[in-house]
Structure formats: C-alpha cells, structure tokens
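Enquirer: Here are the chains, one letter per residue:
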Amino acid sequence: MTEPVLGRTGSLARPSGDGGTNLADMLERVLDTGIVIAGDIQINLLDIELLTIRLRLVVASVDKAKEMGIDWWERDASLSSRAATGQDRDRDLSEENRLLRERVAELEAAPSANGDGIRHAVAPETAAVVRHD
Amino acid sequence: MTEHPRVSYAYAVTRGLDPADVPAVGGVAGTGVHRVAEDDLAVVVSTVPEGDFDEAALRSRLNSMDSLERLARAHHEVIDAVAVRSVVLPLRLATVYRNDDRVRSLLREERERFGAALDRVDGHAEWGVKVYADPDATPSPGVRVSGGPTGSAGAGGGAAGSGSGRDYLRRRREERHSRDEIWRNAAELAARADAELAALADEVRVHRPQNRQLSGAPGENVLNAAYLVPVERTTDFTAVARGLAGSLPGTRLELTGPWAPYSFTVPARAAETLEAGR
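Just so you know, the protein sequences line up as chains A and B, in that order.
Okay, so the first sequence: first residue is 1 according to the working numbering, each after it adds one.
Okay, so the second sequence: first residue is 1001 according to the working numbering, each after it adds one.
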C-alpha cells in the first residue's frame, strides 16, 4: 500500500521497514491520530509517552529549520492546540508532567547519537506533555 | 475448560460495510474481526482475552517497542483492510470495551459526531508527503558534503582525508556552503510541495518531522504532511508529487498512501487557508 519512494532521479526504491509500511509513518498514525473515545479500559497515554517521547525526539536541526522558515509544525493548530483539550481530568497531571520534563531533560542531555553537533530538540508539543486524550 | 473473560477491542467506525464484506484478518489477538452495528454505523471489533488487554497488560505491551510494533501493525492492517471496502474512521490504538453491547451504546451516543466525520472523509484518501534535506542522496555540483561510509570524494574532491590544514579548512567552508544550499533547496521544495499539493487536497495536516532513528530514512525530515485528497484527484496528486520529487538537488520527497484518513478524523486545516496563513 505504500508508494515507492520517489528519489530525486525518479528512481523507484522500496521504503524502509518491513510489511511495506514504514514503522514511523504507521506509529505516527495509530498513536497520534485517529478518533479518541473513552473506552472501558483506560490506558494512561502518558505511560505510552514515556516510550514514544524517546521516539519522537526531533533529530532535525530545529534551529536551522526555523532559520529557513520551516516552522509549520509549531503553527499548525492541530499540533499546538491539543494541550487545550480535556482539562477536566487527570488531577495529578502536573506531577506527571514534571517527571516527564525531567526525563526529557535527561534525554536531551544524553550524547548525540549522530556525533555531528546536530542538536536534539523536542517537538514543542512533546515537551509540554499535557495531552491526555 | 473454563471460559476466559473476553473484552472488545475496537478498530474503526464504518458506514455501509456489508456484513459479508468484513475482512478475513486476524486482528490484534489473531481471533479475527467482526462488525458491531447500530443503524447504518458499525464498529469493527475483535473479541480478545481480557488478560491480554486490561490496563496492566496494555501498559506493558505499549511500552515495549517490539510488542508496540506488533500491536500497531495488527491494528493498522485491520483498518487498512476495512478502508478498501467502505468509508472508515480509524480509532486510536488500544480502544477497549467490556463487550459488544458497550460498543453499541457508544455508536448510539456518538452517532452525530461519527456521522459528520464520516461525511467529511467519504470519497477521500489520506496521502503522506515527506520532504528531506539529504546531502548524501544528491551531492550538489562539485562538492560532496558528507564523507559517508564510502569516503568517496566526488568530482571536486581530490584526496579527501589526507590533505593539509588549508585543504581541510577549504573543505569545511565548502561543506558549510553546500549544507546551506541543501537546506535552502529543502525549504523551497517543502514550500512548493505544500502549496501545489494543498491545492489538490481538501484538508491538510502537518505532522512533526520524523525521527531518523525510528524512520530509518536518511537525511533530515523538514516537512511531514498529510493531505486529504478526493479520490477523483488521486492521479493528479500523485503526478504532481512525482514531478516535485525530481526538482531540486540535495532533497528527497517521499510519498506514502493511500492511507485510511487517520489524520483527518477531526477537522484539520482547510487547504484554502494555507496560503493566507503563510
């Protein structure tokens, strides 16, 4: 179902990952999109964040991107406004946020896997983990 | 043999899915899927062992990369199979109900919201477009930015790695220059892609750039967008994407799809407002 990757030359190559669908594309969709409804069995999505926050560290040089005028992920309402929804539950969210921020700081402080002076940054929404949808 | 408690794992809301058309896929527990209907709406559901899908079990499965991937792929496979048969609203991973009756009452409670969302995405598919700044894919003329595992110096190179200090400084300058050019190209391609593709889409949603370690894709992801494209514009959309893909050195454009409309279950930015917002 995934289209061949379109390289600059137009040459066709299969996308990475098995099963024909790139893992990152798929996780992005099943974890971050889709209708959220309250099931009978409640999963605290913040627990999932502990894993995925690591996966979501934006490896792109965010400062460089902004310099070039690429900051759409910050301006996009669907990315930045989620924090405003559903403030009616999770009383101890602030505590969990505090723990997550600490964890983020730890991860940010960790040595770069690229070793190329590339700055690791956390996507704005991820840094302020207040989603509890 | 004692009966183990079972719960209902929900994948997606559909409309007009014929009971005979329920896909023969295993689902998240390998137990197959069925349809829980209420009027014209239905939820595609698997009956699964409660012990594998209660809160503790799910938490542990979602926090292990391997089992998260297995669960996610199974979830996606069902949605994908349903999406080729009828209009579909994917549900977030790990939506679990006590039983099918609870799913039915969900359909009653939310029928208006689901109906409106199904109307929006009916006759559309989601396409993903990612733009990368990728020096290694297409070196700009004369200068190769990154040595890479091959260490090939390219056309303008000479004996890379064994030069004098002055050569080194010159090489660094060229690298920086080339890197800037690649970023400029990537920004331009992203802007063009967003403008030209949005013109063919009804809605656009921009996702965060992807983590290279997770995607395995070379280069830096600078645009990661999803487009809700009417089925009749599919050919135009993919043709424009293909045209853009070959347009600028040091960049790569990746097109994925068609996807079930995962990114558009809630209204996203309307495509027309895109230009105004820039």
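Don't take each hint at face value.
[Stated by the list, open to error] Now the in silico label distances, taken between C-beta atoms and shown as ranges:
1. B:T1234 / A:Q42: 22 to 28 Å
2. B:T1031 / A:Q42: 37 to 43 Å
3. B:A1020 / A:Q42: 31 to 37 Å
[Stated by the list, open to error] Coverage of chain B stretches by chain A, computed from C-beta distances (three or more under 8 Å per stretch; other residues unrestricted):
4. 1006–1014
5. 1025–1037
6. 1070–1083
7. 1100–1112
8. 1168–1175
For the record, the hints were derived by calculation from the structure and aren't laboratory data.
Quick caveat, the model's predicted, so the values are computed rather than measured.
In this text, a Cβ means the ideal position worked out from N, Cα and C, and glycines have one as well.
Enquirer: Hint by hint, which ones does this structure get wrong, listed from lowest number up?
Expert: Result: hints 1, 2, 5, 8 break, sorted rising.
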